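Visitor: Here are the chains, one letter per residue:
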Amino acid sequence: MSKGILVLADHTKEVITDVSYEMLGIGRKLADSMNQPLYSLIIGDGAEKFASGFGIADKVFVVADKKIEIAIPELIVQILKKIVTENDISLILVAGTNISSGVGPLLAAKLDYRFIHFCKNLIYENGELMATSQLFGGKIFSETVLNDCKGIFSILPGSFPAEAGKASRFPEIIDIPHPDDGLKIKFKAFIEPEAGDVDVTKESILVSVGRGIGSSDNISIADELVEIIGGAVCASRPIIDQGWLPLSRQIGKSGMIVKPKLYMALGISGAPEHIEGMKDAELIIAVNKDSAAPIFNVAQYGICADIDDIVPMLIDKLKERK
Amino acid sequence: MNILIFIRMVADVVEELKIADDFKSLDIDWIRFRLSETDEHAVEQAILLKEKYGGMVTVIALDAPEVDDALYNALAKGADRAIKICGDWMNFRSPGIAKLFSNYIKDENLLVTQTLIMSGSQAIDDLEGELIYYMGENLNIPTCGIVTSVNYRSDFNLINVYKEFAGGLRGEFEINLPAIIGIQAAEKPPRYIPIAKIRAIMKTAKIEEIDIPDDHISAGKEVNRLLEPEVSGRATMLEGSPDEITAKLIEILSEKAII
Ligand SMILES: Cc1cc2nc3c(=O)[nH]c(=O)nc-3n(C[C@H](O)[C@H](O)[C@H](O)COP(=O)(O)OP(=O)(O)OC[C@H]3O[C@@H](n4cnc5c(N)ncnc54)[C@H](O)[C@@H]3O)c2cc1C
Ligand SMILES: Nc1ncnc2c1ncn2[C@@H]1O[C@H](COP(=O)(O)O)[C@@H](O)[C@H]1O
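Chains as they are written, first to last, in the working numbering: chain A, -16 to 305; chain B, 56 to 314.
Heads up, some of the hints might be wrong.
To be verified - With beta-carbon atoms standing in for the labels, derived distance ranges:
1) B:TYR159 to A:LEU166: 32 to 38 Å
2) A:ASP289 to B:GLU121: 26 to 32 Å
3) A:ASN130 to B:ASP77: 17 to 23 Å
4) B:GLU121 to A:PRO295: 51 to 57 Å
5) B:ARG289 to A:LYS50: 32 to 38 Å
6) B:TYR247 to A:PRO20: 43 to 49 Å
7) A:LEU166 to B:ASP123: 35 to 41 Å
8) B:GLU163 to A:ASP15: 50 to 56 Å
9) B:LYS258 to A:LYS185: 52 to 58 Å
10) B:ALA251 to A:SER199: 21 to 27 Å
11) B:TYR247 to A:ALA172: 30 to 36 Å
12) A:ASP292 to B:GLU306: 41 to 47 Å
Everything labelled a hint here was simulated from the structure, so no lab data went into it. All figures in this text were calculated on a predicted structure; none of them were measured in a lab. No residue lacks a Cβ here, since even glycine has one placed at the ideal position from N, Cα and C.
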């Protein structure tokens, strides 16, 4: 039997992402039921200042070094592999974000562990670990049972309560030197997004269009709607990739994370990468003609219909009301 | 540059998906196949690179329903070779597929100093994570995923890529060739190819078929069960005619003090 569970902290722009605390929470629960210690690893320039917030873990490994400018999977895996081997760690949790992406499969290839992506749930029962993953853009779930309870799991943000990962206790901190092994990839610079005409993260009403809007011209009905109810128009990735709206309007994993009072999703299927950006909106209303669209699993109100049958009529009625 | 690109058919999730009787796979009769969306971008990026820097683009795929269409489409866009790997690979998981592809690249001596291997970044059924990292490890070459821009510097034989992070933030990385990258989005939206052009290419070009037996590679462990998401937490659906639905919607918006 191996001796531990490790959570790889995920952070961007000097902020620990919520999913790190989600992982610490579920990690603690698993560690207690499996009677194993919980470790965490924080890598990055200034990482030591985050470590005190990781008291839910028994030990926190810290690699703080000016030379570490950005998350490169190869570097993270060099560090992880050493810690995992030296401490006989069997379970590793990594964030299912763009920052941590690549770490799981690369570590799996190096250690010959199994890697399971898109995890929504992890349950330890009768000496076995079961991982539930969300596949096919959220339309199908899969269950994988690991009899040896050994593996690497990437956790979809929003799967577990972040509160369960926070503690006021102070963890034992272990400083680890930078491996200095040389990397095959060289980080050059960050490219900040161009400031858009509106900052969608500050809007309290968002009307969001997805591929179901059909064409660039049709986006005008979303414009018309926000003219009446206020707010701004934003979109899912395909709309941005087509060049129909600027990158500053993209919601999701690679785009913006928003928490408006109202998020109206028009023709958006609700892939996990999109949900990541808007799941915490106070009120989500979705219009989609597919009754099985995963967006209906996060929306409070759903309308299974064609956008064209609903939105123009809604606009007319709102105009009448004024 | 010598570009090798791996593409793959996936289920179109806009259609209804049915779980097969074994509860471990999708019912293939119900699937409408399409080229994985990020692969479409990978093909586009490969062609853009060829147009800019010259070289040769080879598109490689495992045999799958409708894969010929995707391969001809890539040829019509400007790819030079299309290769279809046949054999009983249907139930192989990503780490096994990565071994197959890596072995093929080694056996055919395709990994030369100017080789750039590309795939789409992250398919929708990607339970074992990105294929490129398994391949990068097998081939011992630099690997980078979620790429949205690629430039080649022939004087140094290296590429400059942009990798996507969150909030629109990207990082610029420098990578020596040979290397493997996963394309998230091409610099331009994938071009549209008229059917007539694809028909024409079907007459002149050929898909090279090769057979590779699956000996010495482990298929990997299968999933235990597939299931449809539980219905709990589902939205309250507004039913009725559009007139009734929009009336209810206005009621909700005004109740929540939005209008
Ligand atoms: C690494 C990575 C990062 C990503 N980052 C992001 C991100 O930041 N943001 C993001 O959004 N995605 C992101 N994605 C892509 C994501 O996986 C999905 O592909 C994307 O969110 C799908 O967008 P969509 O819902 O608009 O399109 P689709 O999935 O194609 O859905 C369109 C929907 O519209 C419905 N529809 C069609 N016509 C109509 C009509 N007339 N009326 C009503 N409904 C209609 C359909 O039923 C369907 O459900 C990322 C993917 C990867 C791999
Ligand atoms: N079986 C396969 N055949 C061909 N290409 C594949 C296969 N599996 C993965 N790929 C490539 O790797 C990409 C990403 O898949 P994955 O890394 O598994 O999410 C795919 O979109 C393809 O470009």
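Visitor: Now, for every hint given, state plainly whether the structure supports it.
Guide: To see whether the hints hold, each was checked on the structure:
1. TYR159 of chain B and LEU166 of chain A have their C-beta atoms about 27 Å apart, which leaves the hinted 32 to 38 Å range violated.
2. About 28 Å separates the C-beta atoms of ASP289 of chain A and GLU121 of chain B, a value consistent with the hinted range of 26 to 32 Å.
3. At roughly 20 Å, the beta carbons of ASN130 of chain A and ASP77 of chain B sit within the given window of 17 to 23 Å.
4. At about 36 Å, the beta-carbon gap between GLU121 of chain B and PRO295 of chain A misses the expected band of 51 to 57 Å.
5. A hinted range of 32 to 38 Å is violated for the C-beta pair ARG289 of chain B and LYS50 of chain A, which are about 49 Å apart.
6. The supplied range of 43 to 49 Å is broken by TYR247 of chain B and PRO20 of chain A, whose beta-carbon atoms lie about 56 Å from each other.
7. One distance hint, 35 to 41 Å for the beta-carbon pair LEU166 of chain A and ASP123 of chain B, holds here, with the actual separation near 40 Å.
8. Look at GLU163 of chain B against ASP15 of chain A: about 52 Å separates their beta carbons, and that is inside 50 to 56 Å.
9. About 56 Å separates the C-beta atoms of LYS258 of chain B and LYS185 of chain A, a value consistent with the hinted range of 52 to 58 Å.
10. A hinted range of 21 to 27 Å holds for the C-beta pair ALA251 of chain B and SER199 of chain A, which are about 25 Å apart.
11. Take TYR247 of chain B and ALA172 of chain A: their Cβ atoms lie about 34 Å apart, and the range 30 to 36 Å holds.
12. For ASP292 of chain A and GLU306 of chain B, the Cβ-Cβ distance of about 18 Å falls outside the hinted range of 41 to 47 Å, so the restraint is violated.
The structure shown violates the earlier hints numbered 1, 4, 5, 6, 12.
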